[in-house]
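J.: Residues per chain, in single letters:
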Amino acid sequence: MTFQEVVSALERFWATEGCLLLTSYNSEVGAGTMNPATFLRVLGPEPWKAAYLEPTKRPKDGRYGENPNRVQQFNQYQVILKPSPENVLPLYVRSLMAIGIDPAEHDIRLLEDDWESPTLGAAGLGWEIWLDGMEITQFTYFQQAGGMELDPISAEITYGLERICMYLQGVDDIMDVEWGSGVTWGDLNRSAEREFSRFNFEKADVPFHFEMFDRIQREAQRMLGDGLILPAYDYVVKCSHIFNLLDARGAVSVSERTSYIGRIRDLARQTAEAYVADRERLGYPLCARGRAIAKERK
Amino acid sequence: MTKDLLLEIGCENLPSGYLDDTLAQVRKLFEEGLKTERVPFGEIAVTGTPRRIVIHVRSLAAKQEAAENKIIGPPEKIGVSSDGLFTKAAEGFAKSQGVPVSALSRIETPRGSYLAVVKRIKGRPTVSLLKERVPQWVQAIRAPKTMRWNSSGMRFARPIRWILCLYGTNVVAVKVGTLAAGRSTRLSPLFEKVVNAKSIEHYFAIIGKNGIILDPKERRDAVRAQAADCARGCGGALVEDEELVGIVANLLESPVVMAGKYDEAFLKLPREVIVTALKSHQRYFSVAGARGRLLPHFVAFADGARRNTGGIAKGYERVLRARLDDAVFYYREDTARPFEDMAARLRDIVWLEGLGSLAEKAKRLEALALWMRSAGRVGTEELDGSIRRAALLAKADLASEMVKDGKEFTALQGYIGREYARASGETAGVAEAIYEHYLPRFAGDRLPRSETSALLALADKIDTITGCFLMGLEPSGSQDPYALRRQAVGVVRILIARRARLSLSAALDRSLSLFADSAKEPLRDREKIMAALREFYSQRMYAMLRGDGADHDLIAAVLASSWEYPVAVKDMADELSASRKKADLAQFVLAMKRVTNIIPRALRDGFTREAGMKALEAFSSGSYSDLGISQPLFAVDAEKNLAREVSIACGNLLDAVRSGEVERSLGILRGIVPYVNQFFEDVLVNCEDEKIRDNRIAFLASTYRVVMLFCDFSQIAGE
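Note that the protein sequences, when read in sequence, are chains S and C. The numbering used here puts the first residue of the first sequence at 543, with every later residue one more than the last. The numbering used here puts the first residue of the second sequence at 5, with every later residue one more than the last.
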């Protein structure tokens, strides 16, 4: 299966299971979790089922396109199920069958993994899921986001698409993964890996980015003051990426690290709280919508 | 009538590390619960895998045993009047218990005869009791981290997905959270397929047929045996690792072994790097050939038999290759330049926030180790060269690609340093000291062998503890994130094993000075921190000696003295224990307590080692006036005799203290016991004449200070 075939098979599978097929976020994120379709939607009581592809940027992981396993930008397929259904694990296994992985022929293992995002004030319990010894998915029952206890609990399934494709296609180098029509991952992304690695590690202007961080943080704060929650969240996400970039650049000392993470977490918490209050003010529209649809079906 | 009870709690995979403790808790909850509820049973077996906790109670009675509940009311004297009628008090009591007065009975107690109500409690059917209790017992299971997964309010380590509960062949309709028990089990939470168990025997047959081993011990045995077989099949022997056996056995329920290979070229990596790459992430076992050298094979376990074993093993190999590739990348980067260059990078690595860089720590290590070498008269100046070199390089591997930034190889700190030092042409002694300065890493670990290693190991641990205390990072309760307790025990163990005559207090003081030298402002509360440090090491020594079996009061007595060398503390505690065993401790202690008790508290407090040594030296040279004692004022023979004997004893003690002969010291002290006793027979210390009285007290106080160099006898109990 090519990369794009895997993506469309997952889309078909999760659409059949009642997920909304959404799009990736339009700003740099370090994980699909930061897309508001996850981070904000898991808050509050409204039901939510969504699936989307998320290009994920981790400046520190770049290797100038020379490491067969490590790159600074890769793709996650993110599924969020709220509330988490009783049969969520069997569902996941069926999704693997949809991309040609037969559980009767593979060792599928669940290894405990307590996930935590200090910048988002989010935490959950779950597993990394191994396929014949290789981690292909991160599975998490969200317990907390934006510093708030969650109810209902969402299940988050994050597929590592490149790894899955390397396995399915039997290639040892990420660059050799076939994206589609004979074009490889490397054909598409090798230059980007080289250029961004140079940028992230050598060229990014440090004082400029520190200044950006400060100004963007202030803008997010100002927006929160004006009750503009979604614009504020855009800027929280930007802060997070700039921090990751400065970190890769080696510009953040150990002692500064904690304080920068704290600043982002503080914004994320305020945004989450404002979002919850706003949904309540709106009368939790998706709760009513869910009931109406259920009635119609009956 | 009795039947077996079976309860299976089906979970999504529990963390491997939680399982053993969870099963122990469940056993306790059910065993004690059934006993408390008075339901007789035969045996109880609690087993489990990451996906199921299985409780099998044999011969469980169908009914609770009946019981009597006695409620005691007023004394008979008050409840019954002289003419034999119940009083108001008795009526009130009967009413409060909802019975007529005619139902009251008399019972005898040690305090006399009382009125009482005896209520008979009939036994309930076990099944109805279980429906009530099982949910409570299940919810009482604790885990280090728990989670919610639905709106039932249940918390557990991972979601509970099914409950099977059979009493004989009948389902017990227990409800846990929103889950109703039934007779179906699942072979895996990954699949929706359920299998119905007709009976308890049938359940165990299903489990067995599917290769599931319920008992963790049996699973460990299976993993160990299969791994050893498989390694032999690869033409080598398993690199045994009980920890890994335990982890693997609790990660799966039906172990299926498979062998895999990796490229021989990887064998150029240091052995532990390979073993760690295999173990820490992938949980594979290593295979060794002749003379313990690794073979390029590994042994891994899948959970459950699958059709495509060859394909699975290929998958395992591929992942391992990526991990070993990483290790090779690190190794090449690291060994491309001399090891010494790495030490220079320590300037940029923060050791602990507020305590400077690792380079500064290395500097302090060097200074403290050199100081201890000379103060403790360990070896000769010839050692100083290798101490300097080893101190410079001890932490250098923390700047290496292999170790830095917290990854699986970080646990190999010290080992990597040794390997790189060797590769870089350092001497064997220096390389070994780099490795050994982390020893002992855990209780029962071996101690550093060479003098250089030991000095560096002491310096590193003392420095870490002092630094943490300065930053207010001392352990509290169960919190000890920097493992300071373990390190303090390490310091004491090394000093004792080497019988080092190195004053711990002086070393702590030196360590504090080294921090003070580099601090921007003078240390605050230096005295307080020094006292806290000494107390901390004392507590660790106490725990260690208690662990060795010494009595509480003997250790406390020795630790309350102004001790200097940990080895002397241990020897003294051993001597006192031996003396107690021979039953000749009593008269000794009694005499010493008489000295202590007569001295006003003000004179007892605040003794120091210096004061004790001063008294010891003054007595031994007969310089009484230095101690404020006037010899001419001694009036009675008994006190003249005691003074003479103390003088002689101190002469001998000075020698024994210097050479650290504890048994001899105690023998000398024991020699003055008859004179002490005679003194207290004949002499009235608190006499009328103020001058004579003060002189006697001054004499006894100095004697006390000498004794306190060894032991605070007043803390020894009951002799």
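Derived by calculation from the structure, the hints in this document are not laboratory data. Incorrect hints may have been included.
Stated by the list, open to error - Below, in silico cross-link-like pairs of lysine-lysine (DSBU-like), each with a Cα-Cα straight-line distance of 30 Å or less:
| id | chain 1 | residue 1 | chain 2 | residue 2 |
| --- | --- | --- | --- | --- |
| 1 | C | Lys213 | C | Lys179 |
| 2 | S | Lys591 | C | Lys197 |
| 3 | C | Lys67 | S | Lys599 |
| 4 | C | Lys179 | S | Lys591 |
| 5 | S | Lys599 | C | Lys411 |
| 6 | S | Lys780 | C | Lys202 |
| 7 | S | Lys780 | S | Lys745 |
| 8 | C | Lys67 | C | Lys202 |
| 9 | C | Lys272 | S | Lys591 |
| 10 | C | Lys597 | C | Lys408 |
| 11 | C | Lys67 | S | Lys780 |
| 12 | C | Lys272 | S | Lys602 |
As the list claims (entries may be wrong) - From chain C, some residues computed to sit far from chain S (all C-beta separations above 12 Å):
| id | residue |
| --- | --- |
| 13 | Arg31 |
| 14 | Pro148 |
| 15 | Thr313 |
| 16 | Arg450 |
As the list claims (entries may be wrong) - Partial selection, computed: residues in chain C whose CB lies under 10 Å from chain S:
| id | residue |
| --- | --- |
| 17 | Leu18 |
| 18 | Met151 |
| 19 | Leu194 |
| 20 | Phe195 |
| 21 | Lys197 |
| 22 | Gly296 |
| 23 | Arg297 |
| 24 | Pro300 |
| 25 | Ala304 |
| 26 | Asp307 |
| 27 | Tyr320 |
| 28 | Arg325 |
| 29 | Asp329 |
| 30 | Tyr679 |
Remember, predicted model here, so these are calculated numbers, not experimental data. Where is the CB? At the ideal position from N, CA and C, for every residue including glycine.
J.: Taking the earlier hints as the rules, which of them does this structure contradict?
T.: 3, 6, 9, 10, 11, 14, 15, 22, 23, 24, 30
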